[in-house]
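Participant: Chains as they are written, first to last, in the working numbering: chain G, 1 to 607; chain U, 1 to 351.
Keep in mind that the hints were calculated from the coordinates and are not lab data. These numbers come from a predicted model, not from an experiment. You may find that some hints are simply not true.
In silico BS3-like links for lysine-lysine, alpha-carbon gap of 30 angstroms or less [stated by the list, open to error]:
| id | chain 1 | residue 1 | chain 2 | residue 2 |
| --- | --- | --- | --- | --- |
| 1 | U | LYS130 | G | LYS243 |
| 2 | U | LYS193 | U | LYS296 |
| 3 | U | LYS277 | G | LYS255 |
| 4 | G | LYS166 | U | LYS342 |
In silico contact screen, one side only, chain U against chain G (beta carbon under 10 angstroms); selected entries [as the list claims (entries may be wrong)]:
| id | residue |
| --- | --- |
| 5 | SER54 |
| 6 | HIS58 |
| 7 | LEU104 |
| 8 | SER117 |
| 9 | LYS277 |
| 10 | ALA314 |
| 11 | GLU341 |
A virtual CB, placed ideally from N, CA and C, is assigned to each residue, including glycine.
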Amino acid sequence: MTSFNEFVIRFANVNGSGSASANGMFAKAVFRMGIPVTTRNIFPSNIQGLPTWFEVRASAREYFGRRDKVDIMVAMNAETYKEDVNRLESGGYLIYDSTRGRPRELYRDDVHEIGIPITKLILAEFSDPKQRQLFKNIVYVGALSALLNMEFDVLTSMVASQYRGKDKLIQPNIHALELGRNYALKYLPCPMDIQVTRVDLVGDRILVDGNEAAALGAIYGGATLCAWYPITPSTSVADAYEKHASRLRVDSETKKKNFAIIQAEDELSAIGMVIGAGWNGARAFTATSGPGISLMNEFLGLAYFAEVPAVVFDVQRAGPSTGMPTRTQQSDILSVAFASHGDTKHPILLPATPKECFDFAADAFDLAERIQSPVIVMTDLELGMNQTLSEPFQWDDAREYDRGKVLNFEDLEQIERYGRYVDVDGDGIGYRTLPGTHPTKGSFFTRGSSRNEWAVYTEDAQSYIHNMDRLNKKWETIRSLMPASEVEHRNGRAGIIYYGTTTTPMNESLSLLDENGIALNSLRIRSYPFGPEVADFIDAHEKIFLVEQNRDAQMKSLISFDLGIDPKKIVSILYYGGFSISADYIVEEVTEHYVVNKLPRLREVES
Amino acid sequence: MTFVPKPKARHPLLKTNEIGLTRRDYEAIVSTLCAGCGHDSVSAAVIQACHELSIPPHQFAKVSGIGCSSKTPSYFLGNAHGFNSVHGRMPSIATGAYLANKELKYIGISGDGDSASIGLGQFAHIIRRKVDMCYIVDNNGTYGLTKGQFSATNDMGSTSKRGVPNLYAPIDLVSLAIQLGASFVARSFSGDKQQLIPLIKAAVLHKGFAFIDVISPCVMFNNHEGSTKSYSHVRNHTEPVVDANLIMPRDEIAVEYEEGTTISVPMHDGSKLQLRKLSDSYEPNDRVSALTYVQKAQEEGEIVTGLLFLEEDAVDCHDILGTSDTPFNGLAQENLCPGAEKLVQINESLR
Chain G
1 MTSFNEFVIR FANVNGSGSA SANGMFAKAV FRMGIPVTTR NIFPSNIQGL
51 PTWFEVRASA REYFGRRDKV DIMVAMNAET YKEDVNRLES GGYLIYDSTR
101 GRPRELYRDD VHEIGIPITK LILAEFSDPK QRQLFKNIVY VGALSALLNM
151 EFDVLTSMVA SQYRGKDKLI QPNIHALELG RNYALKYLPC PMDIQVTRVD
201 LVGDRILVDG NEAAALGAIY GGATLCAWYP ITPSTSVADA YEKHASRLRV
251 DSETKKKNFA IIQAEDELSA IGMVIGAGWN GARAFTATSG PGISLMNEFL
301 GLAYFAEVPA VVFDVQRAGP STGMPTRTQQ SDILSVAFAS HGDTKHPILL
351 PATPKECFDF AADAFDLAER IQSPVIVMTD LELGMNQTLS EPFQWDDARE
401 YDRGKVLNFE DLEQIERYGR YVDVDGDGIG YRTLPGTHPT KGSFFTRGSS
451 RNEWAVYTED AQSYIHNMDR LNKKWETIRS LMPASEVEHR NGRAGIIYYG
501 TTTTPMNESL SLLDENGIAL NSLRIRSYPF GPEVADFIDA HEKIFLVEQN
551 RDAQMKSLIS FDLGIDPKKI VSILYYGGFS ISADYIVEEV TEHYVVNKLP
601 RLREVES
Chain U
1 MTFVPKPKAR HPLLKTNEIG LTRRDYEAIV STLCAGCGHD SVSAAVIQAC
51 HELSIPPHQF AKVSGIGCSS KTPSYFLGNA HGFNSVHGRM PSIATGAYLA
101 NKELKYIGIS GDGDSASIGL GQFAHIIRRK VDMCYIVDNN GTYGLTKGQF
151 SATNDMGSTS KRGVPNLYAP IDLVSLAIQL GASFVARSFS GDKQQLIPLI
201 KAAVLHKGFA FIDVISPCVM FNNHEGSTKS YSHVRNHTEP VVDANLIMPR
251 DEIAVEYEEG TTISVPMHDG SKLQLRKLSD SYEPNDRVSA LTYVQKAQEE
301 GEIVTGLLFL EEDAVDCHDI LGTSDTPFNG LAQENLCPGA EKLVQINESL
351 R
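With the rest of the complex left out, here is chain G:
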């Protein structure tokens, strides 16, 4: 039986062999044929030589979660060949370079084995060693176009546009594509039972990764300073900011830049620059990952206590310590929420899609200036570094930046006595002034040590308590400003909570569970501190599952801390292997819970 537009293909390559652009081209071609796709780059902490995998999931149903087994394996790495063959679903397709023979024990009877003499084809046609290496990847893409029955001109036009200006690269690339395609058409059973056929399921959506989306959001949000220190998987946020700002933020006449990017000496310095700029009225951000957050702790506490806006993107990876730096996790939740010593807490934004990365990035700058405190946007490697289908970015030209409470010269003229930390409006947020505003009014000393409402140093207990309580009042204001959770009802008795990239496999999981008679209402957390809907959702269900990608159920702790909810009510489903959590895993864990506890699998409506 032929299936259309519904498969997972995995490319097994060697790091540094030039496979990324060929694999990316394949994914884009499927996308351009109107099929929803997502990609996953599974790569080592290495520059050249170690195994790397690239997965494309095409799904008309828009199931984008990782799957343990794949339908098509393009096995180009001898070192991982055995493992790769074993990863195939029964009935799947194995595509391999048949130039040299394979050991008999690596054959599988239950899959289709498709050998293509890729090396042989290349050796005959190309003499340049670099091209011989690179075009192996292009050859299998060409062969796949025939095997999957793809429109060939989608690929050729992509080559033409990709190498526009470097025209002499176009012909050899197309030739390599044709080599693979023609071989497949002539010698292989084309098309296979898995096929791609043109549909219009993509609409106006785009294919982009979360880091690029966040960088664009920072540009649209008015960030003028990016101070950062290189760390996987956040580096491409700074790279993308530089790439786009160099086009979007340069004065056409003077050629001068309305932005600055500073590669700092470490993360301490990066966040220090962000705080210095924020104090002085410019929007600034840094992008980092867990180890960087650790280093920024002292400064984040200063910004919380001294009340200085700052935006931080934490693209999480697998910790602790260096952990698995090229693997994904959601394990910085608690260290970010409470980053620093003393009674410190920070608001968190939790995007789940590239579109949301863009929106939350832009919103974070308004929010940080409104609340005069750091705002941390938490994504992870899965969302940050992988291209996935996304709603297009949108910007309303009528939108005006919220620069928060900042007094200008005229405002200060009207004021008898200015006090930086006086809670004039009763929302816990005082009025800032920027250096240089007024000759005699509005200056104050910003410090991490205790002070009274007038920003004057004091160790008086009452003043200290008053200030700490006001910060808590501000916390409630912050709560009212955070994006609310998304709730969906499916007539379930139990509910399931998730956030960030745990969202990706969730639609598939919920459908599968529903087929098994387990209907779950769902809540996707989008921010912390939590809105009232989170407590309401938990209260309204007899059982709550909370799915997250860390070992210690960090979000459960945070919910318990912030809402005073008994953690015993929450059943954690935890995955922390460093790959993104799969739909199957969630289904198995939830189902297991029902089986072990002998719970009835009834929907509310049927009971």
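Since the structure of chain G is provided, determine the placement of chain U on it from the hints.
Facilitator: Same frame as chain G, but now just chain U:
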């Protein structure tokens, strides 16, 4: 202890500067440092220098780290904003602040613990980045607030109050600053305001990173016999090599020096910086020879002071980055947000 404001009453004969402000207008609250602390003399010198420069106090921004020295921005320029940040991290705060608004004058106050130990990395990198500021280290060789531990600038063999010698080699911030590319490097002594005030004035006006290492004795923990950072030791072992004198546009050049011994450097505001060499063999425009001289003297136990290195026509961080003339914090939304139409194109490029 909270704070003590200074009385507002002012003597009618107090001298006003070009913009009609008296020295009082450059002061702030009363210092809470120990009586006789060198740092208070540095604060007084900053006040005097800024007053003489006739720059409105609110056009300064004061930044500091943590420690006795870093408290002092509270005690000068009360009408300027100040930021007492995190231990050793003032340079990054200064860098961010300067990137946000290039139009203010930045004075950073740090200490030897702050800049030579916990913040040595940030100290080195702010120099590399050529942030346009006046960076002063109140250098007393000791940790005062934690009761007298040695700092990294303390000379080997210099003793603690209890007579215990320091066993580790000192870090010389002046040598580091010269080596790392600072365009203005000076050393002075808190007890020599004749030398210090002109240096601060010149450092404030200098475009680029200006560093002044001010030996500023700690009367409580490092002013005893055996200490090389005591008032008496510094007085007896100082070798001034280059005097700096800032000639404001309105001033007539009062003193004519012998030809060949002075260098006149035009400053961006129209004033002139006049350097007078006190030592024939000293070359304040030659990084390598200046460094050699300073280090040689240090080996002999002498402290070279004055304007030790000056690079004319220095560039600063904003020049390197090619940033807009309008300060970042003054850019309007229309200069920052590319708008919906551009986003449509970006979306299209992602299909």
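Participant: Look at each hint and say if it fits the structure.
Facilitator: Hints, one by one, checked against the model:
1. U:LYS130 with G:LYS243: holds, 24 angstroms
2. U:LYS193 with U:LYS296: Given that 30 angstroms is the threshold and the Cα spacing comes to 26 angstroms, the pair holds.
3. U:LYS277 with G:LYS255: violated, 42 angstroms
4. G:LYS166 with U:LYS342: At roughly 26 angstroms apart (the allowed maximum being 30 angstroms), U:LYS342 and G:LYS166 satisfy the hint.
5. SER54: At 13 angstroms from the nearest chain G Cβ, U:SER54 fails the 10 angstroms test, so the hint is violated.
6. HIS58: holds, 5 angstroms
7. LEU104: Hint on U:LEU104: holds, closest Cβ of chain G at ~5 angstroms, below 10 angstroms.
8. SER117: violated, 14 angstroms
9. LYS277: Status violated, d = 36 angstroms.
10. ALA314: With a minimum Cβ separation of about 19 angstroms from chain G (threshold 10 angstroms), the hint on U:ALA314 is violated.
11. GLU341: holds, 8 angstroms
Hint compliance for this structure: hints 3, 5, 8, 9, 10 are broken, all remaining hints hold.
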